[in-house]
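K.L.:
As given, the protein sequences belong to chains A and B, one line each in that order. For what it's worth, the working numbering labels the leading residue of the first sequence as 244, then goes sequentially. For what it's worth, the working numbering labels the leading residue of the second sequence as 1014, then goes sequentially.
Honestly, the hints are just simulated from the structure, not real lab data. Where hints are given, some of them may not hold.
With a cut-off of at most 20 Å between alpha-carbon atoms, the simulated SDA-like pairs for lysine to any residue come out as follows [unchecked claim]: (1) A/Lys671 / B/Lys1129; (2) B/Lys1209 / A/Ile444; (3) A/Lys671 / B/Ala1195; (4) B/Lys1191 / A/Ile444; (5) B/Lys1191 / A/Trp669; (6) B/Lys1129 / B/Asp1091.
Here are a few chain A residues that sit away from chain B, every Cβ distance over 10 Å (derived from the structure) [stated by the list, open to error]: (7) Asp456; (8) Ile473; (9) Val504; (10) Ala566; (11) Asn586; (12) Lys607.
So the derived label-pair ranges between C-beta atoms look like this [unchecked claim]: (13) B/Pro1086 / A/Arg555: 37 to 45 Å; (14) B/Glu1094 / A/Asn572: 51 to 59 Å; (15) A/Ile444 / B/Asp1174: 17 to 25 Å; (16) A/Arg561 / B/Asp1174: 21 to 29 Å; (17) A/Arg561 / B/Ala1088: 54 to 62 Å; (18) B/Glu1193 / A/Gly339: 50 to 58 Å; (19) B/Thr1133 / A/Glu438: 30 to 38 Å; (20) B/Thr1192 / A/Arg401: 43 to 51 Å.
Beta carbons are placed, not taken as given, at the ideal position from N, Cα and C, and that holds for glycine.
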Amino acid sequence: MRATLAVTTALLSTALVAWTPTAETPDVTSVPLDGQQTEIRATIGGSSGRLPRLAVPAFLVDGGDAELREAATTLTDVLWKDLEFEREFQMISQSGAAQIPSAPADALNYDSWNQIGADDVLVGNLLRSGGNLQLEVRVMNVERKVGTFGKRYTCSLRGIRLCAHTIADELHKERFGLDGVARTKFAFASDRDGERMTGTIEQRSIKEIYIADYDGKRASRVTVRGSLNIAPTWAPDGRSIAYQSHQSGYVDIYVQKLYEVQTQLGRPAKGTDRVQNFFPAWSPDGTRIAFASSLEGNWEIFVVKVDGTDLRRLTSHRSADSAPAWSPNGAQIAFTSDRTGTNQIYIMSADGGPVTQITSEPRKADRPTWALDFIAYSAEVPAGVEIKKVNVGTRQVTQLTNGPGTNESPTVAPNGRHIAFVTTRWGKEQIAVMDADGNNTRQITFTGNNRYPRWSNR
Amino acid sequence: MSRSVLTSILLAGTLSLVAACGGKTPPVATPTPPPPAPATPVEAPVAQPRPPMPPVPEAPPIIDSEPAVVSDPLATMDTDEINRRAPLGPVFFRYDSDTVDEDGQRVLAANAEILKKYPTWAITVEGHCDERGTAEYNLALGERRALAAKSYLISLGIAADRLRTVSYGKEFPFDPGKTEAAFSQNRRGHFVVTAK
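In isolation and in its complexed conformation, chain B is listed as follows (with noise of 0.2 Å):
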């Protein structure tokens, strides 16, 4: 298991990180359709089907433009920084799914709230597989992974474009194992902080 994700669990704390593997077969391969996006990205979602809310760890989100309280060492950070920190936890697929799970829209809702609480900040949705099928098919499954976090975090409230996109199948494994422990590590959407 990577650094990162060690850390992002010790900061998410109370999220609990699941690798989703094996289970039922999803049967959509589809992203989810972005919902229309917010008229602002301070305006909270209307009748979006909102997955269970784990305890915001930190304050609410400050949603006016004055600056983070100078405590917060996120907000001080450069965005390598912030990145060893980890803030946004990483989303898990299932094995060939693009589904994210009940578990994965609880990483998202915590990311989502992160991502509230500092308006600045873009990120880049790095969409990852495991090693098993081909290069080119784990390319297009990259991104439907990364496209799906996207629109979940879309339905969330965040404005679409503060988050990209980007798909590196399966040319960059988190763990280079070849057991079904690394596997579901490298199956995943990774969040990085490319600006604050």
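With the rest of the complex left out, here is chain A (with noise of 0.2 Å):
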């Protein structure tokens, strides 16, 4: 008997080696066009204080085969989006942007924008640059007829959507000094495979983690473990991952690296017989793993460092202390514990010490998740889990989703502006994106069951 564990679980162990990195999109770059005035965001824009409306025409294309048409066609589609995402412009309609021939930035009908009512215009001109393409965005202000931003992009055929991704990101930035989020990935688990599970006669699809764009796009699976894979991590420079895996037969948390070749994965916490390893949270200086675990016994609040050493414990309690989540510096993390009966969430220093209470939720409280001045978290109410927000300070409680379905298992976008979490409503357990204040609500994941989202942090 032992000596067929041990081999199985050698066998298990060679398998860790044979799977491939993610491929990485190449960078974009970007140079500022000359002649363009950066520096005027307070004098631009709507007046009386409603959003800017800008207009996003179809872009232009050079020399036009069909390959950068649809090229073209997917850049404005999905900048239109990316700058919709985050409600700095009031975006106008694609198709009420058609109305208006599309033409270049020193030839735009200004007096047919104005008609619209458009404040600003986005101009594309799209052409191939040796094997890549060369994409030059201005935008235009309609009432003064003048240049507001202007960069030339050179992007990839195949990183189209990073393209347009990276414009919208540094168009907020230099336009309202916001650090948007098209750019950001979410890491989760799902059986969109339908892959069966091995070692067991149940009918089980297998769970494995996977990685895709802030909209959902672009899905490519990152873990070949065959065996139920959840909870994933983002490491700060999002270019690792940490999940909990039952592969081995007990729970372990690996590290795993996206874009390069491992012969072996980092297990910072291993599991035994007697011990098992859950929701790994990375810290925000990249050091550190928080998990729970049953080390000594009933579950508690661990730390080590991302290589296996280092392990220390945080809490000490009887009842259990789970689902821990760091503050976005790093110096508290929150969690679970039935330490009064039923599951609320805690805070205490990320040292560990005296727990503050934060949550006083009726029935359960559960999967905190902490950017800017509040914690999200899973409620339990008598119809299902609903998504709800804390603030810290004030103890003020939102709830953000109620219903359809059950809505749990919260993570917010690294700005803090918006929450994606999973949902029952649409059938299976799909991920939607919603904003911080439980509006805009959307579908991002369409495949199989998708559980434990988690937003990179950049």
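Now that you have both chains on their own, put them together as the hints suggest.
P.N.:
Okay, here's the thing in structure tokens:
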């Protein structure tokens, strides 16, 4: 019996190297265009305090083969959605913008744009440049007839969506000083490939870790373990993830680089007959991973360096402590505990010590995620589970979802403006994104069951 | 209801497998602390509050090192075949509970007899939950259920090193339905023979 277990474990271990790193999209580079003003943020935009109305007409294509035209259409569509997402512009519909023929920036029909209410027009001009694409983007102010943003982007055809995301982030940054999230990503667990779990006679679909752009597109699978793999967490540089795997028969925490070949994955928390490890959370400074573990009996919160050294226990209570989440500055950790009889959310110093109860849910609170001055969490209600947030300072609670279906596992965008969560409102478990005030919910996964979304830090 | 459950009911014969649902809310949420392990796996447990013993369906436990009788089909099967027969019945739990109730105790007593009959078997106890509540909470609850079943088997004289536990929370429901009947099937300790 012992020999059988050992052989099985060895076989599983060698299987670790059999995965291929995710192909990394080539970088998008940008340079300012000559003669562009960039420091006129305060003087432009809509009058009377309303959002500036922005039109994004179809990009001009020089030399216009079908592939280039398709790329231009994708660029325009993706950029429009990226810019709409942060709600700093009031976006003029693409059908509305299509009423006015596209024209270069120096030949814009300002009267026509003025008539349909545009304050600004984003003009793009796409051409081939060697094996790459070159895109000139200008934002022209309709009233003053001047450019307010101008950059030349070098993109790859394969990275066309990243090109649009980069433009959106740079425009948001220059125009509003806003850190947009168009280039951020999700990690999540999914059974979308429908592969059956081995080593059991039951019909079970494995769950593997996937990453995708913030809009759910360009999803790619990053683990090939043939087991239950859940609860991913991002390294702050966005180039590695840690996650919880049940593959060994115990529950281990693995660390995996996304874009490099590794012969051996990191395993900073290793399961044994008596020890199970759950819910890794990577520290904002990148050095440590907090997790829940039965290392000393019941579940407590531990931190360990990413390389597996310097293990420290942060909580010590006979009740179960679980689901740690770092504060944005890394000084504190939120977690769940049932020490008062029901699961509630507590915070403590990242070194442990006294704890402070943050929620007083009538039923249970779970899965805290901390951004800016609030903690979003899952709250059990009579009809199921809903997303709430609590202001850490004032303890004011706001319920953000109210059905349909059950809504849980929140994760907050790094700029604090959006919350992704898992919902059953569309049948299976899908990931949805809403604004941090609960508005503008949209679906971003569509195949399989998708759980444990985690928004990347950058 | 899954095929394995049906099979286990057929096999267990005299066992009464009742999906325990409803009833009072259990006051205790912590797993039963395991009693001191017996000195040897074959030694009878002492001074344990034994549940009512169901009739043992087969011969008394074989406790020497001789191979089991050749006419015993389980003795010659590989573990997948054994698990398809599901000789170890599942233990069902009430909603949000990790307490092994009387029905569960009867199932575990029968399972313990089978494990004594096949002393080389190693098993994994899987803890499962219905879909209500958060995924995170259910992983903890599933672990408590698996540990509760394991502790009870240890109290019946099964060596701890034959018993692994794993929680699958609400990740692998046995019945995907949204009814209480489905939920009651999914709140269980599920036994898998991993080595023989």
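K.L.:
Indicate, hint by hint, whether the structure satisfies it.
P.N.:
Here is how each hint holds up against the structure:
For the proposed pair A/Lys671 and B/Lys1129, the alpha carbon gap of about 43 Å is over 20 Å, so the pair is violated. About 16 Å separates the Cα atoms of B/Lys1209 and A/Ile444, which keeps this hinted pair within 20 Å; it holds. Of the pairs offered as hints, the one joining A/Lys671 and B/Ala1195 holds, with about 17 Å between alpha carbons and a cut-off of 20 Å not exceeded. In summary, the hint linking B/Lys1191 to A/Ile444 is not supported, as the alpha carbons are separated by about 23 Å, beyond the 20 Å threshold.
Taken as a hint, the B/Lys1191 and A/Trp669 pair is honoured in the structure, with Cα atoms around 15 Å apart against an allowance of 20 Å. For the hint linking B/Lys1129 to B/Asp1091, the alpha-carbon distance of about 18 Å falls within 20 Å, and the restraint holds. A cut-off of 10 Å between C-beta atoms confirms that A/Asp456 is not in contact with chain B; the least separation is 24 Å. With a least beta-carbon separation of about 7 Å from chain B, A/Ile473 fails to lie farther than 10 Å from that chain, contradicting its non-interface assignment.
Non-interface status of A/Val504 relative to chain B is upheld: no Cβ of that chain comes within 10 Å, the nearest being about 30 Å off. Distance check for A/Ala566 against chain B: the nearest CB is about 5 Å away, which does not clear 10 Å, and the non-interface claim fails. Distance check for A/Asn586 against chain B: the nearest CB is about 6 Å away, which does not clear 10 Å, and the non-interface claim fails. Not every Cβ of chain B is farther than 10 Å from the Cβ of A/Lys607; the closest lies at roughly 6 Å, contradicting the non-interface assignment.
A hinted range of 37 to 45 Å is violated for the C-beta pair B/Pro1086 and A/Arg555, which are about 52 Å apart. Between B/Glu1094 and A/Asn572 the Cβ separation comes to about 56 Å, which falls inside the hinted range of 51 to 59 Å. The hint said 17 to 25 Å for the Cβ distance between A/Ile444 and B/Asp1174, and at roughly 24 Å that hint holds. The supplied range of 21 to 29 Å is met by A/Arg561 and B/Asp1174, whose beta-carbon atoms lie about 26 Å from each other.
Under the hint 54 to 62 Å, the C-beta atoms of A/Arg561 and B/Ala1088, about 43 Å apart, miss the expected range. At roughly 52 Å, the beta carbons of B/Glu1193 and A/Gly339 sit within the given window of 50 to 58 Å. The hinted range of 30 to 38 Å is satisfied by B/Thr1133 and A/Glu438, whose Cβ atoms lie roughly 32 Å apart. Range check, B/Thr1192 to A/Arg401: Cβ separation about 47 Å, and the 43 to 51 Å hint holds.
Consistency with the previously given hints fails for numbers 1, 4, 8, 10, 11, 12, 13, 17, ordered from lowest to highest.
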